[in-house]
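Please work from the sequences and hints to get the whole structure.
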Amino acid sequence: MTTGTGPGTDAATAGYLLRLGDDALIAGHRMAEVVTRAPQLEEDVALANIALDLLGQARPLLTRAGELEGEGRDEDTLAYLRDEPEFRNCLLVELPNTDFAHTIARHLLFSCYARELYAALAASTDDVLAGVAGKAVKELDYHRDHAAQWTVRLGDGTEESAARMAAALDAAWPHVDEMFTADPVISAAAASGAGVDPAGLRPAWDSAVDAVLAEAGLHRPDLPPQAGPGGRGGRHGLHTQSFGFLLAEMQHVHRSHPGAAW
Amino acid sequence: MTLTGTAPAGPRQRFDAMISGEERIEPRDWMPDDYRATLIRQIAQHAHSEIIGMQPEGNWITRAPSLKRKAVLIAKVQDEAGHGLYLYSAAETLGVDRAELLDLLHEGRQRYSSIFNYPTPTWADVGAIGWLVDGAAITNQVPLCRCSYGPYARAMVRICKEESFHQRQGFEILHVLARGTPRQRAMAQDAVDRWYWPSLMMFGPPDSESAHSGKSMAWRIKRYSNDDLRQRFVDIIAEQVRALGLTLPDPDLAWNAERGHYDFGAVDWAEFTAVLKGDGPCNRQRIEHRRAAHADGAWVREAARAHAAKQADRAAAREAAR
Ligand SMILES: [Fe+2]
Ligand SMILES: [Fe+2]
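Residue numbers (my numbering), protein chains in the order written: chain P, 1 to 262; chain V, 1001 to 1322.
Simulated from the structure, these hints should not be mistaken for laboratory data.
Misleading hints may appear alongside valid ones.
Simulated pairs of lysine-lysine, DSS-like, Cα-Cα distance not exceeding 30 Å [as the list claims (entries may be wrong)]: (1) K1215/V to K138/P; (2) K138/P to K1277/V; (3) K1161/V to K1215/V; (4) K1215/V to K135/P; (5) K1215/V to K1310/V; (6) K135/P to K1161/V.
One-sided excerpt, in silico: chain P residues whose CB lies under 7 Å from chain V [stated by the list, open to error]: (7) A46; (8) A48; (9) A51; (10) E159; (11) L223.
We treat Cβ as the ideally placed atom computed from N, Cα and C, and that holds for glycine.
Okay, here's the thing in structure tokens:
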């Protein structure tokens, strides 16, 4: 349970959990899109596994967010009945699977971040979050290794694979900073001890990613962060163009049957 | 394939004795050419069915109507990929390789189960496939756990455990829909109506017309005839459909106390033949999806091979420098 230090604490923690839950939900959804389309059968299995882990992280996070919010929203209400501006995931996780290199680049940059994040959140004052984090960190160790191995294979493999991997990193890179930027909700959760300030995770992320890129013979892209209107992005509910299509597909059956149980 | 050719009296007799003694044939044992060829054809077709079978339900992963159902469905599709892997490995023990078999699938020179050429237009299809298609697969496959070829039999033991889990999940999806809103109930009934007859076709043509059955029975690859297995399946689902509160679209379905079985109507074998020949609703689409995934992944597989070769060269260079 949260250590209640004021009326705003639960709301801040709820908002924080929503950000984490949305990151996992959308990252998992994108990963699941590749299943049946992977370059080889072993990857269909591996990517499905990763998608399942991410969904398995998202569900208790969203459930807990709904409880703390106190408006009777459960995991499905949150996943299926919110509109685009209410989703709080960072933009990196919603980037499309343009090719396998794009899938791997997104997955590497996100899992290196999420792994450090959950390692820190295992000490969260919110017991539910601490529990999810303790389990997630082991899963993310595997996700990070999987992404790192493919980054190295593609970077070191052929001229074509190296070029594709470099292009994919370029596409994802402008969305890195957002993961490490605290908005007021994240700052409040960090102050209460339920969350952590993501800026503190950056050095560990830098060294993990740099090590992978070095082994892959790839350069760290020299690209500035994407500029959002008024500095706004995913944490404010302002998403990339493909996100509306993702939600339309994800939500349409649930929304077509209001109030139905599945 | 090295252990072939004219059989010396010894090995052939040993093989026959092992078969009649219900012993398992293992990859190193001598086996007749046509036993090997029959197994390769059957195991490859089975493996192809597992991976093509990922598609009809796979296209519902992104639309599953609850997070719980989405998780269960991802896990199911993942299991089917795993089944494909076990079965390609079992086929490889007979001297063929997966890449070669995939090429044959992509070129339309080897088959997969025709059932996967039917479309999945609604969420209820995910339930109907689990209940009827996985259900029919189990009825077919449980006897294969005792198949004379060891690697195939062992793969089937593992697979059957997971298939029965799939069948229960499919039943549960339909059970919830059947007790849901009128539209959900209608969706469930519609899906059962569409999958009932194709699921009966999964057991293959009637015994009177089954081309490969005789030898497969003698070799203890197959243990029950197509019609026997079909009957066994009908007897199961005719009972289960009542628990669902749905009906099967077969006016001739009725308990026959004399036979101790359910009677059922005539399967439309003309439809079966048309779908088998490639004229079903999704034949082209299923193969095209597989070909596209394989072609899109070619540069990835090539990169993995190139990286492995470079790694080996680097290791050899380090070794030489010592
Ligand atoms: Fe299967
Ligand atoms: Fe199955």
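Results of checking the hints against the structure:
1. K1215/V to K138/P: Since the Cα atoms of K1215/V and K138/P sit roughly 51 Å apart, the hinted pair is violated (cutoff 30 Å).
2. K138/P to K1277/V: Judged against 30 Å, a Cα distance of about 48 Å means the pair is violated.
3. K1161/V to K1215/V: Measuring from Cα to Cα gives roughly 28 Å; hence the hint holds.
4. K1215/V to K135/P: violated (52 Å)
5. K1215/V to K1310/V: With Cα atoms ~48 Å apart, K1215/V and K1310/V exceed 30 Å; violated.
6. K135/P to K1161/V: holds (27 Å)
7. A46: Nearest chain V Cβ about 9 Å off; hint violated.
8. A48: Nearest chain V Cβ about 4 Å off; hint holds.
9. A51: holds (6 Å)
10. E159: With a minimum Cβ separation of about 9 Å from chain V (threshold 7 Å), the hint on E159/P is violated.
11. L223: violated (24 Å)
Hint compliance for this structure: hints 1, 2, 4, 5, 7, 10, 11 are broken, all remaining hints hold.
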